[in-house]
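Use the sequences and the hints to build the structure in full.
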Amino acid sequence: MDTRVVKVLVIAGLMLAVFVPRVLDLDAVRSPDEKRWLANTSGFVTKFAHGQIDQLVQQPHPGITTQWLGALTIRADDWAIKKLPLVVGQGLLILLIGYIFWRRWGAWTGGLAIALLATNPFLFAHTRVYAMDSLLALFLLLSVAALLLWQKDTQTRYLVLAGVAGAAALLSKLPGVIIVPFTGLVLIYWAWRHKWGTKLLTRTSVIWLVAFAIGLIIFLPSIAVAPLGVYGEFAELFRSDEYLDAHAAPATYYLGSLLFFSTPAQMLLLVIAIGALAWHQRVAKDSKLDRTAIVVFLLFAVLFTVQMMIGLKKGDRYVLPSFLFLDASAAITLGWLVTLKTKALWRPAALVLATLTIIWQAGIIVTDYQHQLAYVNPLTRSLFGERRHGWGEGLDLAAKYLNSKPNVDSLTVATVWPSEFESKFVGRAINAHQHDNGSADYVIIYRSMLARGPDAWETDLVTYYKQFTPEHIIRLSGIEMAWIYNRSAL
165 MDTRVVKVLV IAGLMLAVFV PRVLDLDAVR SPDEKRWLAN TSGFVTKFAH
215 GQIDQLVQQP HPGITTQWLG ALTIRADDWA IKKLPLVVGQ GLLILLIGYI
265 FWRRWGAWTG GLAIALLATN PFLFAHTRVY AMDSLLALFL LLSVAALLLW
315 QKDTQTRYLV LAGVAGAAAL LSKLPGVIIV PFTGLVLIYW AWRHKWGTKL
365 LTRTSVIWLV AFAIGLIIFL PSIAVAPLGV YGEFAELFRS DEYLDAHAAP
415 ATYYLGSLLF FSTPAQMLLL VIAIGALAWH QRVAKDSKLD RTAIVVFLLF
465 AVLFTVQMMI GLKKGDRYVL PSFLFLDASA AITLGWLVTL KTKALWRPAA
515 LVLATLTIIW QAGIIVTDYQ HQLAYVNPLT RSLFGERRHG WGEGLDLAAK
565 YLNSKPNVDS LTVATVWPSE FESKFVGRAI NAHQHDNGSA DYVIIYRSML
615 ARGPDAWETD LVTYYKQFTP EHIIRLSGIE MAWIYNRSAL
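Reminder that position 176 of the sequence shown reads as 340 in the numbering used here, one-by-one numbering, no gaps.
It is possible that part of the hints are untrue.
Within a straight-line C-alpha distance of at most 25 Å, the following computed PhoX-like cross-link-like pairs (lysine-lysine) qualify [claimed, not checked]:
id, residue 1, residue 2
1, LYS316, LYS363
2, LYS505, LYS171
3, LYS452, LYS199
4, LYS316, LYS452
5, LYS211, LYS199
6, LYS199, LYS564
7, LYS505, LYS564
8, LYS477, LYS199
9, LYS630, LYS569
10, LYS452, LYS359
11, LYS564, LYS630
12, LYS316, LYS564
13, LYS569, LYS588
14, LYS588, LYS564
15, LYS505, LYS452
Quick caveat, the hints were computed from the structure, so don't treat them as lab data.
So, in structure tokens, the structure goes:
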């Protein structure tokens, strides 16, 4: 078969893998934060349309990239159409990252990067949510990858892209600010390693910072018009419950996140990437493994995770960027192995491993693409215990179960996130803390209510209902997500 035909087929296959599963049935599950971000987007569009450029910040997160993408279909009536620009936009980001990897490390690595990102269950789930966590992760990866590409061919446009992508990351979510000191650290290392001299280091840093600043102004013009107001809004986040949370988890919480929400293949690839750093010369004497790039990606994953440990509030999705940077190091390692010119079995073994990884992870997604937010690594699932988990996935199945009840339109259900539950439920829903007000026929205990701390009302509710046998249990990814109790049977 003609080489050009093969390339076209591979590119088409990668594009289908990125886009098709992501756009299917986008209205299947509604996460509780989506309604808030939809309102933020509406406010953003209204302020922009009325020329109130100084008031574009709707929340201190700030989620600006989410609002720009969401603005394209904000007037649509269909919920899936409202989410579509975010899904398509993030799919394009995955392809752009793959292109950068191709330019920097070759076609194999570029294709593997796209395939690994496309089939990452954790990333897949969050690219289908009307929020900003996956945008933060993708822009951070794009920024660092573009910086590494610039280091190879020194074309200024890639340094500019790195700065602009860094700005987009920060304006997606404030933890993206790590890109500034991290980029500085990498540039200082290169200056020391390659003996740049002060002039080249200064010039490079200034170009990146100017691109970063211009990116901030392009994405959020309020910074140019009312900078003090914008920074005041951002600072508000660190005084809010988003940062100082009463239901805080220990600093080690994120180690569990990495273990529970990676796939077995990702865990294996991480071990291989670390092993390649130490033993690459034994695999091939003329090894061209880009150890610096792998170290940069792994170091970012570690530093970002440490940064997120500082805030009291913990959430598994908050360390999503770390997962992508681990995928990046795996793509470079696999790309190196499959292009080795050696008689040993490293190349065919790497091809088999890459193929099985992509098929396995794609299988995870295909099995239940509507509820990927509930995914838990099967190797570590037995250790999951009563860990807090869930962002609305499974409540649709609880609604489906209760909708089969006779006279369902007269039933009242006490649950977390009642408005999202009511979008799938025929009857009426009230907040879970109103379970004992006399009107609730059923109560749903949802997994996100677990591990909230001894002073939380959710803990009291969970403790009370644990003494009873639930009428029905909703299970996803091999774990129990929701327990349905019939109050008349208690």
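Hint by hint, work out which the structure violates, then give me just those numbers in ascending order. Violated hints (numbers, rising): 3, 7 and 12; every other hint is consistent with the structure.
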